[in-house]
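These protein sequences, in sequence, are chains E and D.
Sequence positions in the first sequence follow full-length UniProt numbering and run 1 to 335.
Sequence positions in the second sequence follow full-length UniProt numbering and run 1 to 551.
Take these hints with a grain of salt, some might be off.
To be verified - Below, simulated SDA-like cross-link-like pairs (lysine to any residue); rule was C-alpha separation at most 20 Å, straight line: (1) LYS99(D) - SER47(E); (2) LYS99(D) - THR225(E); (3) LYS99(D) - ASN50(E); (4) LYS99(D) - ASP216(E); (5) LYS99(D) - ALA220(E).
Everything labelled a hint here was simulated from the structure, so no lab data went into it.
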Amino acid sequence: MSETPIQATAGPARQRLSLGRFRDLALVPAILVLIVVGALVDPVFLSSANLINVLQQQTELSLLVLAESLILIAGKFDLSLESTVGLAPALSVALIIPAASHGLGTELPAWTAVPICLLIGMAVGAFNGFLILKLKLSAFIVTLGMLIVLRGLQIGFTGGQNLFDLPLSFTYLGSAQWLGLPASVWLAVVAFALGIVLLAYFRQGRALYAIGGNVDAARAAGIRTDRVVWTVLVLGGLIAALAGLLMTGRLGSVAAAQGQNMIFTVFAAAVIGGVSMDGGKGTLFGALCGVLVLGLIQNILTLGGVSAQWIQAIYGVIILVALMLARLTSGKAQD
Amino acid sequence: MSTATDLPPAAGVRLAVQAHGITKRYGRTVALNQAKISIVDGQTHGLVGRNGAGKSTLVSILTGLQAPDEGTVAFGGEPAPPLGDRDAWRGRVACVYQKSTIIPALTVAENLFINRQSLTGGSLINWGRMRRRAGDLLAEYGVLVDPARPAAELTVEQRQLVEIARALSFGARFIILDEPTAQLDAAAIDRLFARIRALQHAGVTFLFISHHLREVYEICQTVTVFRDARHILTSPVADLSQDRLVDAMTGEAVGLRQVADRPAVPDSAPAVLAVSGLGLADQFTDVDLTVRRGEVVGLAGSASSGKVAVGEAVVGLRRPDTGEVRVAGQLIRPGSVPHALAGGIGFVPEDRHREGLVPLLSVAENGTMTIADRFGRFGAIAPGRRRAAAQRFITDLAVKTDGPDQPVAGLSGGNQQKVVMARALANDPVVLVLINPTAGVDVRSKETLLDVVDQAAASGTAVVIVSDELDDLRPCDRVLVMSHGRVVRTVARGWTDNELVAAIEGMTAQSAGQPGGGSDAGSGGSPAGAADVNVDADVSADESSGENSGV
Chain E
1 MSETPIQATA GPARQRLSLG RFRDLALVPA ILVLIVVGAL VDPVFLSSAN LINVLQQQTE
61 LSLLVLAESL ILIAGKFDLS LESTVGLAPA LSVALIIPAA SHGLGTELPA WTAVPICLLI
121 GMAVGAFNGF LILKLKLSAF IVTLGMLIVL RGLQIGFTGG QNLFDLPLSF TYLGSAQWLG
181 LPASVWLAVV AFALGIVLLA YFRQGRALYA IGGNVDAARA AGIRTDRVVW TVLVLGGLIA
241 ALAGLLMTGR LGSVAAAQGQ NMIFTVFAAA VIGGVSMDGG KGTLFGALCG VLVLGLIQNI
301 LTLGGVSAQW IQAIYGVIIL VALMLARLTS GKAQD
Chain D
1 MSTATDLPPA AGVRLAVQAH GITKRYGRTV ALNQAKISIV DGQTHGLVGR NGAGKSTLVS
61 ILTGLQAPDE GTVAFGGEPA PPLGDRDAWR GRVACVYQKS TIIPALTVAE NLFINRQSLT
121 GGSLINWGRM RRRAGDLLAE YGVLVDPARP AAELTVEQRQ LVEIARALSF GARFIILDEP
181 TAQLDAAAID RLFARIRALQ HAGVTFLFIS HHLREVYEIC QTVTVFRDAR HILTSPVADL
241 SQDRLVDAMT GEAVGLRQVA DRPAVPDSAP AVLAVSGLGL ADQFTDVDLT VRRGEVVGLA
301 GSASSGKVAV GEAVVGLRRP DTGEVRVAGQ LIRPGSVPHA LAGGIGFVPE DRHREGLVPL
361 LSVAENGTMT IADRFGRFGA IAPGRRRAAA QRFITDLAVK TDGPDQPVAG LSGGNQQKVV
421 MARALANDPV VLVLINPTAG VDVRSKETLL DVVDQAAASG TAVVIVSDEL DDLRPCDRVL
481 VMSHGRVVRT VARGWTDNEL VAAIEGMTAQ SAGQPGGGSD AGSGGSPAGA ADVNVDADVS
541 ADESSGENSG V
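The task is simple: from the sequences and hints, build the whole structure.
Structure representation (structure tokens):
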């Protein structure tokens, strides 16, 4: 057919595009405001020691949010990530340390700890994928069940004890400093950068949006939907295990309750950051902003001298308020 | 049964598609029984049949989504590729399904290049280049849509055009359109047909599936009828009378529905529904409407005319800014469905999938949802009484179902719509508001539904039919035509098709002799040249801007 004045639409196209970008940046003003508030509450807030502390404390959460966002964008759920944070390091360490330190008695060589830890995370993701995709079970209930099973396993074989006697290789990533910043912060930055590029500039990344947006259409477009979702679940488990590894290194032990109750914060950060619980919507940059907002709030509450007994209630209320504000600024219903 | 008046293809005629001896079973159900279809290259071929005739199964076999149990499919004389080779299938055939395969959260450009984003650059996605390529592609087919827009913002018409452009960009020269007109208004249908004709001139073959026989006569050269999983006949449309086509579809010799001859409503009949000064920002302004006892009033207009919004405001689905709705003198609280129901309004909403039915609930529960308070006290529901009520409407409306307990999702479209109609009638309304009451239903169900309208009117119900389907409007005593949110004309009973279509399109009757009139069946229409298409593109741009401000 003949040419049509398609150029006429180029102007508004650019405008709309920049608006789209803008929505991504919706939380940046909130972060700036929080920094100002923090500085007013306590001058210590702006010290590099405190800010690095905030970042390091948020690395594990941010990695979990990264994993959960990938899974949510693909239209699925994974609640069991928080238990993987505890189980993967606990089990891999237990395979190495002697029975006297609550090990399992297998006493594998110390270098295997890190690879086994990551493999356990992937295995959990793969098993979730099997139940959800092959047996067609509800992702919500499957991963809720898995959350309880994994936590129970960890308490079972550690006897509810914390594991202290860790190999050096295991604590390195969580405690090392690279170029003046904790290694874990660098890892999180790299992971997010990779994720953002993957989701924005790769066919495989865009497939997540297609699947989460309309799985039938994605299948009709030739996307191997089950394989992609499975891969994302395995990747999610891997990232959760990495988060567990970093947390273990930072704290110097594997706590019996490591990762417990993180999943609520993970979902809150993702949704505040604009990731839809219905799939197909949201960006990793937005999710990262969500993490930073929550991390700063927590830090400010601590610095502000809010009593430990009340901090949980206040933090919960603030998350609810943040959700309402995100709803107002994005102008769209959260689903 | 299958005494087909089938034409063996003449020598020298190239067949774009040939399917032969196709049988497909799902468990005990036979979806296709030795069915066949031959589509001549470069033609637009109609496929008609009542719901359940096997059309959808044929589509899934022709598009390679399913393999037939028996039989062969060939494209251009060569056997179809293996089922796993999606790329090969997509290079041969494309389908624009009733259910959109556009992903709303992504932009138009990304939808066009989904899962082959690398076509527009290296392994990294180059967004700028993808948008430009998408713009070129859309421009090539004269689709005036901004590629950077999220697909969720597209109108149904634009969405279809994007899907057609995407199909063509895969290199497919055979395109299946599965009921493409079901959600379009008359003007959009004309624009779609102009495009189909232009593409047909460029050598594209179409298989056109529709419930609207008039459209088949307008756009198709050949038509194939399926019934009860079998091929019944294939014939050039010019040689086939409308009555014979309907016979072939229904298997009985019945003509198209005759308009029941209700006596005119006397002026002395009391006004039951009185709407005055109704207005809603961006939708409609200052709408007055009075319907007498036993009167049927049509509300027609294009999709952007605001007619559906008026209907929804009357029944409480929307809250009007100004004006009032009175039923038998009693004021209905604006924007309240429960109050409208209590006031004696029954209604069929626009989209049965969205507002009409809860798919997993039973036929009985869906049909009696508006009157659940009548089956017991304090919210309790006596199952026996509900079943009895359901059994009554199943008989009255001839709903084809296993019984009141069958989930409504298992019914065909026509029978689902009957359940929606039953729900509308359940509270014995004095006012019945029907929005697109026969959308996407087969010929037979349409007759039943319109008969119900006649009966309701005869028993004194005031009926408002909101539609631009001429068949829906035929029972009306008068038709109010809306344009840009205002009632612009009233057409009295006894209108001709041309006259009403012209009024809806905002033309005078004299200038309506074009294919757009849609009434001169069998003429085939004049081939649309590039100039026509350009004009259409302008119109569609207007339309879309109207939609944006409207919805």
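Taking the hints in turn, this is what the structure says about them:
1. LYS99(D) - SER47(E): Given that 20 Å is the threshold and the Cα spacing comes to 57 Å, the pair is violated.
2. LYS99(D) - THR225(E): Since the Cα atoms of LYS99(D) and THR225(E) sit roughly 19 Å apart, the hinted pair holds (cutoff 20 Å).
3. LYS99(D) - ASN50(E): Not satisfied, since the Cα-Cα distance of roughly 54 Å exceeds 20 Å.
4. LYS99(D) - ASP216(E): 10 Å, holds
5. LYS99(D) - ALA220(E): Distance ~12 Å between LYS99(D) and ALA220(E) Cα, so the pair holds.
Hints 1 and 3 from the list above are not met by this structure, while the remaining hints are.
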